[in-house]
Amino acid sequence: MRVLFFGQTAEIVGARELEILIEKSTIAGEAFAEILEQYPSLKEHKLLFAVNQEYSSGDEVINNSDELAIFTAVSGG
Amino acid sequence: MSVTIVIPTALRQFAGGNSEIEVEAGTVGEALNSLTANHAELKKHLYNDAGQLRNFVNVYVGDEDIRDLDGTDTEIKKGDEILIIPAIAGGTAATATEELPNLTNEEYSRYSRHLILPEVGLEGQKKLKAARVLTIGTGGLGSPLGLYLAAAGIGTLGVVDFDVVDESNLQRQIIHGTKDVGRAKIASAQDRINDLNPNVKIEAFETRLTSENALELFKDFDVIVDGTDNFATRYLVNDASVLTGKPNVYGSIFRFEGQATVFDATRGACYRCLYPEPPPPGLVPSCAEGGVLGVLPGIVGTIQANEVIKVILGAEGILLNRLLLFDAWKMRFRELKLKKNPNCPLCGENPTITGLIDYEEFCGLKQPVVEEKPLEEITATELKNWIETNPNLQIIDVREPHEFEIAKIPNTKLIPLGEVVKRAHEINERETAIIHCKGGVRSAKAIKALQENGYNGRLINLKGGITAWSDEVDSSVPKY
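Quick mapping for you: the protein sequence lines, in order, are chains F and H. For the first sequence, the working numbering gives the first residue as 1, with consecutive numbering after it. For the second sequence, the working numbering gives the first residue as 1001, with consecutive numbering after it.
This is chain F alone, in the form it adopts within the complex (with noise of 0.2 Å):
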């Protein structure tokens, strides 16, 4: 499945495109929270999460042929 990240997520976790698998019919927070276990300063952000391209509520539930989102709010001007 292909998770991307935006603004300085990318930055934590050192891509802005990660491929990673899952199991079939996974709950879309569980997803994110691995994710966040994975790189643990990601926790320190307000993050906004997304599953294709909308808003996740953190209960679709997802397939590897999904595309999750993570990003931060960014300010600069």
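Source of the hints: derived by calculation from the structure; they are not laboratory data. Just so it is clear, CB atoms sit at the ideal spot from N, CA and C, and this is done for glycine as well. Misleading hints may appear alongside valid ones.
Chain H regions said to be covered by chain F (calculated; three or more residues, Cβ under 8 Å) [unchecked claim]:
#: 1; region: 1137–1148
#: 2; region: 1247–1253
Subject to a maximum C-alpha distance of 27 Å in a straight line, what follows is the list of computed DSSO-like cross-link-like pairs (lysine-lysine) [unchecked claim]:
#: 3; chain 1: F; residue 1: K43; chain 2: H; residue 2: K1043
#: 4; chain 1: H; residue 1: K1448; chain 2: H; residue 2: K1408
#: 5; chain 1: H; residue 1: K1373; chain 2: H; residue 2: K1479
#: 6; chain 1: H; residue 1: K1219; chain 2: H; residue 2: K1044
#: 7; chain 1: H; residue 1: K1337; chain 2: F; residue 2: K24
#: 8; chain 1: H; residue 1: K1384; chain 2: H; residue 2: K1340
#: 9; chain 1: F; residue 1: K43; chain 2: H; residue 2: K1366
#: 10; chain 1: H; residue 1: K1043; chain 2: H; residue 2: K1078
#: 11; chain 1: H; residue 1: K1422; chain 2: H; residue 2: K1445
#: 12; chain 1: H; residue 1: K1330; chain 2: F; residue 2: K46
#: 13; chain 1: H; residue 1: K1337; chain 2: F; residue 2: K43
#: 14; chain 1: H; residue 1: K1422; chain 2: F; residue 2: K43
#: 15; chain 1: H; residue 1: K1384; chain 2: H; residue 2: K1448
#: 16; chain 1: H; residue 1: K1339; chain 2: F; residue 2: K46
#: 17; chain 1: F; residue 1: K46; chain 2: H; residue 2: K1340
#: 18; chain 1: H; residue 1: K1463; chain 2: H; residue 2: K1408
#: 19; chain 1: F; residue 1: K43; chain 2: H; residue 2: K1339
#: 20; chain 1: F; residue 1: K46; chain 2: H; residue 2: K1337
#: 21; chain 1: H; residue 1: K1463; chain 2: H; residue 2: K1445
#: 22; chain 1: F; residue 1: K43; chain 2: H; residue 2: K1330
#: 23; chain 1: H; residue 1: K1366; chain 2: F; residue 2: K46
#: 24; chain 1: H; residue 1: K1479; chain 2: H; residue 2: K1463
#: 25; chain 1: H; residue 1: K1448; chain 2: H; residue 2: K1373
#: 26; chain 1: H; residue 1: K1384; chain 2: H; residue 2: K1463
Dock chain H against chain F, hints included.
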């Protein structure tokens, strides 16, 4: 000849509440005269002082605009329907309720490439001329914004900035030039805009946008554009936009990435629906700290200018309820659907924010004033009297175990300083606790640490520690 005039919802209140009115007439003009003869209020809405139909009122016979027929002289046949269709949706307040200004000959030439676009046209160009747009900031985003909005013929451009042009700005803030280094950004931007399009009326506000001035400032404009560079001002711009009912055309940048959208709480999400809380201070670097690709604000600011123009024109396909994420390094655009949050404290169903707040504090930029509790202390002699009268008094010794071996006050509990916070639950908050050490310094630290970590009971420091106890109360306790 009998003809039916269909009255639009917005105007029914001026037509006795009727949705259709039948009149006898031979032309559209006669029909409207007959209608307005009976409804004087309606006349004011349909005609200007010169007795001409107002620009924003469209009159159709069947499915044809009378402008494409013979205007008010258009003849009507039996059974025709006349439809009055005022422009409401999408148009800004200025264009919906006021006469649109005419263009000068110079403006016809200048805007000719707009005028031949059906999507803009003469009507649209006049709307742009009538529009009042407020841009906050004349930096990376504000530069292309100011330039393109001016070039496009926005009639009145409000500009807010208090900064001075620095050499390091020129890599991206293209409204300013090398000769402007050291000048007020607002003066430099004003010169450049005047040069580009002298028709634009600039209202310059050389001031910091604050909770005190924002509402007053925003209420005179149709569209607000957020080109600021910090979270505190972004929340301020959002809140003031929502409270004054204005669309907020938003853009922000970070290194190679940009975000843009149009927040309009009357039609969807606001910034707080997307970002309910600011990130902790210092966590998200500014452009000065994190760097930014110079072209990036050019792209994002231009997207904002594009959307401002579409909002004014009432165009379809406005970047509303869609967050655009742009990656300049990968050259990729992505979108995220936005939804109004019904629990949004500002624009939700039960708002708790009904006025502007202190945004520096909201974003954690002000050090919270920690009320340092004055340290309560007692002497060893006082403690001895307390022990005799108060059997529930707790005495906590925060020294190390090897010191405890050497000397102790009777009936004390040992919790070394290093463990005191995590073992706080061993102290009963409902009873007073005396904290002591060897000389009174470590115990004072222990009290401070406990209080900072949420201990709510009464803590009293033994002045002079166990040494004072030995001196004043019990000389058999060894001094070490």
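A quick look at each hint next to the structure:
1. 1137–1148: It holds, with 5 qualifying residues against the three required.
2. 1247–1253: Coverage by chain F holds here, the residue count being 3 at a Cβ distance below 8 Å.
3. F:K43 <-> H:K1043: Violated: F:K43 and H:K1043 sit about 62 Å apart, past 27 Å.
4. H:K1448 <-> H:K1408: With Cα atoms ~23 Å apart, H:K1448 and H:K1408 stay inside 27 Å; holds.
5. H:K1373 <-> H:K1479: 31 Å, violated
6. H:K1219 <-> H:K1044: 25 Å, holds
7. H:K1337 <-> F:K24: 25 Å, holds
8. H:K1384 <-> H:K1340: 65 Å, violated
9. F:K43 <-> H:K1366: 23 Å, holds
10. H:K1043 <-> H:K1078: Status holds; Cα separation ~24 Å.
11. H:K1422 <-> H:K1445: 15 Å, holds
12. H:K1330 <-> F:K46: Answer holds: H:K1330 to F:K46 is near 24 Å, not above 27 Å.
13. H:K1337 <-> F:K43: 24 Å, holds
14. H:K1422 <-> F:K43: Satisfied, since the Cα-Cα distance of roughly 23 Å is no more than 27 Å.
15. H:K1384 <-> H:K1448: 24 Å, holds
16. H:K1339 <-> F:K46: With a Cα-Cα distance of about 18 Å, the restraint between H:K1339 and F:K46 holds, given a limit of 27 Å.
17. F:K46 <-> H:K1340: 19 Å, holds
18. H:K1463 <-> H:K1408: 15 Å, holds
19. F:K43 <-> H:K1339: Holds: F:K43 and H:K1339 sit about 24 Å apart, inside 27 Å.
20. F:K46 <-> H:K1337: 19 Å, holds
21. H:K1463 <-> H:K1445: 13 Å, holds
22. F:K43 <-> H:K1330: Distance ~26 Å between F:K43 and H:K1330 Cα, so the pair holds.
23. H:K1366 <-> F:K46: Holds: H:K1366 and F:K46 sit about 19 Å apart, inside 27 Å.
24. H:K1479 <-> H:K1463: 15 Å, holds
25. H:K1448 <-> H:K1373: With a Cα-Cα distance of about 8 Å, the restraint between H:K1448 and H:K1373 holds, given a limit of 27 Å.
26. H:K1384 <-> H:K1463: Cα-Cα ~13 Å, so holds.
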